[in-house]
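A.B. asks: Each chain, written out:
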Amino acid sequence: MADTSRVAGPAASVADRSWLNWLGVAPFLLFALLFLILPTSLLLVGAFQDAQGHFTLQNMRNLFQENILNAYWLSIQISAASAFFGGIIGVLMAWAAIQGRLPGWIRPTLMTFSGVASNFAGVPLAFAFLATLGRMGLVTVLARDYLDFDLYGTGFSILSFTGLTLTYLYFQIPLMVLIISPAIEGLRKEWREACDSLGGSSFHYWRYIGLPVLWPSIMGSTLLLFANAFGAIATAYALTGSSLNIITIQLYAQIRGDVLHDPNLGYALAMGMVIITGLSNAGYIWLRSRSERGRK
Amino acid sequence: MKQNRIGAWIAIIIGTLYFFVPLLATFIFSLKMRRDEYSFDAYVAVFTDPQFQATFGYSTLLALLTIVVGVLLVVPTAYWVTLRLPKARPVVEFITLLPLVIPAIVIVFGYLRMYNSSSILPMTSSERATDILLLCSYVTLSLPYMYRSIDTGLRAIDVRSLTEAAESLGAGWTTILFRVIFPNIKSAILSGAFLTFAVVIGEFTMASLLSRPAFGPYLQLIGANRAYEPSALAIIAFMITWASMGLIQVFSRNAGALRSKAEQGH
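For the protein sequence lines, the chains are E and U, in the order given.
The numbering used here numbers the first residue of the first sequence as 1 and each following residue consecutively.
The numbering used here numbers the first residue of the second sequence as 1 and each following residue consecutively.
In isolation and in its complexed conformation, chain U is listed as follows:
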């Protein structure tokens, strides 16, 4: 049995090294901008770069809009499928997994063909329209994460009883959705939201091919032209991903605690 544990330690230690050495290297490199001493100059340079602020702001806004649109699209659909249309579940599930099968670059290539300026719906002809197209592309990209976490959330509550109780009290569909279903699956929605945020914030392919001033293309541009700022940006990006995942953990743990409390109450 002792051997078993040594093997396990070796696997974990090698894995840990593989993950921490690049982070450490990046962090150290990001501190080296000033000659012969460590400093946060690279971070200062990044944060004071107006282009950083503009692109980061743009991507943050898009990520938030993606979350809102994604939630408004997925929650009613998943709710309806659970309550009224179990037959459609395999179809909806299959569609939401497609963005994992079809590479993002292929999807955006399809958009450029379908929505070019000479098409019926020229969504690439003005900047605003392209923003909307990019938003829709991000909603598409986030479908697998959104749908899976919301579907898991809905399975954990008794959708049918909640709906019937609300209806017997005279609630309409919008009331049921927004005042009964949403609050009950809040933590599932939040995990989907943070995952979406992490995916959208640094997305490169779609923003770059649709020529929108997002954070991903900015990162690429900085990487090609600067020495120390890219490392600082990589650390910042890692922090953002870390924060998103940490928040998912916090919310899902709270949900778990609430659920077990409710079960004890029964």
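Pulled out of the complex, with its shape left as it was, chain E reads as follows:
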């Protein structure tokens, strides 16, 4: 560490400097306060106020209406399902590309593509899945014409829980590939060799070494996927309009003012969402620190 007083000049006293130092990040803190922290805090305060500004718990109680609980529940289910399957498939693909002894070009290609696909969310993604699994989608039509399989006859719909989960997987799997790859790279070759030389099989390796080491990373990343899906709205809105009862669409409709007519209930809805995404992110951070500690 170099002596900072030399940089600041001998005239500046210690007290002056520490005050000035914080001034350097003041623009950033001010921006964050104005456009991130204060607006969100106002919602949290508003969640405990009535229309006149008095303190109340009524908004919290109002959250326990049937359609709101259902919206939260459906959101949680879709997020959990897409995080779960996205997590498993993402781990398998990352493992295959990194440790599967495949040709060298596969890995960088997969990483680049994952970067693209994890950002290919929102409205265009909905269009892509309508063209694939919609009523006249390519896969639907091919299955009908060549396999004589009526996808929509099975009760499937792109607008349903299954349809939306399949769509979300399109950005969840690549996201998982991106965030789990460093952990899989951290699996040392020596561990595998040690296991082999002790007579362990592939099963033993994964059962006693691979999975226990990867487990916190896998769990943590899956929680991140959960939060990612939970806050998403554009894809679902473009697919289903306002017909699907998930919490982001409820909140969107509430902000647009065409349901409920109770802004303070909207604040409570938003607060509920922040609590859920906040908890899953906190879980991610905790598990990540655990997996980093285990590596040292």
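FYI, nobody ran anything at the bench for these hints, they're computed from the structure.
The beta-carbon is built from N, C-alpha and C at its ideal position, and this holds for glycine as well.
Incorrect hints may appear among the rest.
Stretches of chain E that chain U covers, calculated by requiring three or more beta carbons in the stretch to come under 8 Å of a beta carbon on chain U [stated by the list, open to error]:
| id | region |
| --- | --- |
| 1 | 22-28 |
| 2 | 42-49 |
| 3 | 87-93 |
| 4 | 118-130 |
Dock chain U against chain E, hints included.
C.D. replies: What follows is chain U alone, placed relative to chain E:
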């Protein structure tokens, strides 16, 4: 060992199918506008739609402004934290990750409450003011990407020595920032910029709730009203994302090559 490879191939092939079938389906669908033959009519229809040009232009401009404002906000902050205020690093890092924790729809809801027309700072009362609010919301959304890539860039260079060398030659703060730090982390800034571009260009929630004529709400509107154009638009959007990510790769690879060259020189 052979089994290992077969399993890996299966995982990669299934994954690849999952990613390419929807793209293929979208592309084929986008060519079907003319009856009984494939054509690019849907693309022509999209590109000649004045609303497409207007909304795409609007979003492109906003994305560029977001990048400029984001860079001017994040680079000095990250630089200052690295050089003078390591204590603040966890705080700044935590704040920049918040937009990933708080859903965009919640943030914009907060804006509508805080900056409504009867508030002290009525940023939703005129179109221009709302544009600025939308710009700030995009800068907020891009913070996690911007900060992380710029911070990585700063860690790769010796900020302290560069600053001291520049100061001993009599450079002031602005000179140091713009003529020493910026050029040295150019590729990190560019990766942050392209990622920001990809995120902002099709953003739906904020533009829609702030009622600004951006590309995201236009996409949604077209999706609800047309048959073939949405597929063409999805392909175009995918190309834009692809281009952004490809450029990130190019620039980070160049940076890596430069760095290893510099290391060899030592």
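A.B. asks: Look at each hint and say if it fits the structure.
C.D. replies: Hints, one by one, checked against the model:
no., hint, in the structure
1, 22-28, "holds (count 5)"
2, 42-49, "holds (count 3)"
3, 87-93, "holds (count 3)"
4, 118-130, "holds (count 11)"
In the structure shown, no violation is registered for any of the earlier numbered hints.
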